[in-house]
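Given the sequences, and given the hints that come with them, work out the whole structure.
Below, each chain spelled out in residue letters.
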Amino acid sequence: MLEARGLGHRYGAGSWLFRDLDLTVAGGEVLAVLGPNARGKTTLLTCLAGLRRPKEGTARCEGGVGYVPQSHDSQHRFAVLDMVAMGRARLVRSWTSPGAQDLEAAWKAMARVGIDDLAERPYAALSGGQRQLVLIARALVCDPSVLILDEPCAALDLRNQRAVLLMVDDLSREGIGIVMTTHDPGHALSIATQAILMDAETISCGRACELVNGQTLTELYRTPIHATTVMAPFGERAVVVADFGAGRGAARTVQQLTHTEKGTVKS
Amino acid sequence: MTALITPNSSASRRAEGPKAAQRRRAARRRWALVGLAAALGVAFLVALSVGRYSVPLNEAARILAAQGLEITGLDSWFDLRRTWTDQEQTVITLVRLPRSLMAVLAGGALAVSGAALQALFRNPLVSPDVIGVSSASSFGGVLAIALGGGGLILMGGAFALGLAAAALVMAMGRIRASSPILTIVLGGIVVSAFFNALVSLVTYLADPYTTLPSITFWLMGSLAAATWTKLWLAAVPIAIGLTVVMALRWRIDVLSLGDEDSRALGLNPTRLRWVLIVAVSMMTAATVASSGVIGWVGLVIPHLVRLMLGPDHRTLIPASFLLGGTYLLVVDLLSRSMTASEVPVGILTAILGAPFFVYLLITQTRKDPDHA
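Listed in order, the protein sequences are those of chains A and B.
Counting in this note's numbering, the first sequence tops out at residue 267, every number present.
Counting in this note's numbering, the second sequence tops out at residue 372, every number present.
Hints listed in this document are in silico derivations from the structure and should not be mistaken for laboratory results.
Watch out, some of these pointers could steer you wrong.
Claimed, not checked - To give an idea of the interface, some chain A residues facing chain B are shown, with a C-beta separation under 10 Å as derived from the structure:
| # | residue |
| --- | --- |
| 1 | Gln70 |
| 2 | Ala79 |
| 3 | Leu81 |
| 4 | Asp82 |
| 5 | Thr96 |
| 6 | Ser97 |
| 7 | Gln101 |
| 8 | Leu118 |
| 9 | Glu120 |
| 10 | Pro122 |
| 11 | Leu135 |
| 12 | Leu217 |
| 13 | Tyr221 |
All values derive from a computational prediction rather than experimental measurement.
From the three backbone atoms N, C-alpha and C, an ideal C-beta is built for every residue, glycine too.
See the structure below:
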């Protein structure tokens, strides 16, 4: 269980990114953090993960935290197994390399996210989604009770986004507490139980299904957004979040159709 | 007629499972290290035997064995029949043995330094010259020659200034803590340029009939002046640096992922980087102090090993040492046996290294188009 009390941080004498923040993430819960770019989401995550000392307050976690940074460097050629074994760095003694026990833990973590057949492939040869699963396995290799992910779906295509989200959802159902940032409110509505909206001035916390809606998102991103939740067949919940175009896309479609059919557009 | 389907090797390999593939990779790496060590051993014996005064290969091996028995005190247990001449013994023990050992140490140290630096700056074009240690050490050596200092003063000056340059670069690294790698590389370039200018100044002022030739010759890098004293003086800092890099070689893997990743995995990248830079500086300074500036080894050898054995530093570091040592042994052998007068080894490593590096770039691009 992850517990933060009175958490606050700012860089130097700048304005506070967040302050007096209390939050609890129990096992099985998923907390989604939403907010515009450069608002301090990653800073909050690193404070929660214990990688950065906050200016105020404390963040404690029983059972350890696994941190999945945003994957930006995909060029190195380490085999997936070696990459996942690096997750044991804090347990491997200073002057040694991972032993049989560490490799066994790496195999277990890979099996858990279903990538053990990729063990010998070089990391750079994987798809973006597979790479993200490798990073998740690397964070799981120490058996944490909470997993913190920084934009796990950034720069992934829809199929890979789905694979990663389903994995995160599965892990939370296994009892792991999850904290993740995302730029897609649909992701928050699909799997999150709680949400934090980091607005320019205020930070609001609450249950994801109540807090994430068209009105709050429009205020958060200062751009018109409609959020709709529909019940799909077979009881699955599909989430639709639209619309960036505000009607322009439709106008353009009509324009193209009239072009192809009549050759000219009459106004 | 029925078609006979034979499973191709890659399909059958896939069938035997990822764990078996991993065991095979580990075995391949072990055998590669054994092979490289054997190549070093063979090159070492050949280097002892070949030269202007030729000693038969078997006699060279016997002299080496006799020396080993005498040092370990086992000669009373195991008496080797003396079949060689005094002259052969002198050539081997006083000239070729220290020189060959120096070649192995210097080549290995330069290659390991290059491999470690390339990982910790996350840049494949970094070599030991980049952090400013080489040029500072050259200045120390050149100054000692110009002031008329002997071998020991020269070594001491070169070593001390090399470490001073590393300290200077480290101090500059603190100026902009937000982008440490860039600041260190920039600091290294600045320090290099500064000490290169000082080297030029001393060279310009040096007496053209006495000190200038020895300065020029020393700057080209040569193992010709290797003696047992020099060897021991260089061996201590090189051994310390090598031990540190070898012990941290798995952590270099983690560090090469970048600061954010290594911090997320529980390491302190800043501290680790400094420990490695100090270790590498000790090795580089000791190498320059004993043998002058020998370029290209630290750039070419790690690339070649990475191409053969992959990026894992658990193998890359020891393999770089073995191959770097073998390479410098062979180049030194060429430098003293190709022509009647000796060619400085630093010239040969550059002449061989530059085109070889281009060849490596081409093969790397062919093998792996999106990771040139």
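Here is how each hint holds up against the structure:
Here the hint on Gln70(A) is kept, as its CB sits about 8 Å from the closest CB of chain B, short of 10 Å. With a least beta-carbon distance of about 7 Å to chain B, the hint placing Ala79(A) at the interface is held under the 10 Å criterion. The interface hint given for Leu81(A) holds, since its Cβ lies 6 Å from the closest Cβ of chain B, which is under the 10 Å cut-off. Proximity of Asp82(A) to chain B holds as hinted, the smallest CB-CB distance being about 6 Å (cut-off 10 Å).
Because the beta carbon of Thr96(A) sits about 7 Å from the nearest beta carbon in chain B, less than 10 Å, this interface hint is met. At a threshold of 10 Å, the smallest CB-CB gap from Ser97(A) to chain B is about 4 Å, leaving the interface hint in force. Residue-level restraint check for Gln101(A) is violated (minimum Cβ-Cβ distance to chain B is 15 Å; threshold 10 Å). Checking Leu118(A) against chain B by beta carbon gives a least distance of about 8 Å; that is within 10 Å, so the hint holds.
Look at Glu120(A): its Cβ gets to within about 5 Å of chain B, closer than 10 Å, so that hint holds up. The interface hint given for Pro122(A) is met, as the beta carbon of that residue sits about 8 Å from the closest beta carbon of chain B, less than 10 Å. The restraint placing Leu135(A) at the interface with chain B holds, with a minimum CB-CB distance near 9 Å, inside the 10 Å limit. Proximity of Leu217(A) to chain B is violated relative to the hint, the smallest CB-CB distance being about 29 Å (cut-off 10 Å).
Residue-level restraint check for Tyr221(A) is violated (minimum Cβ-Cβ distance to chain B is 26 Å; threshold 10 Å).
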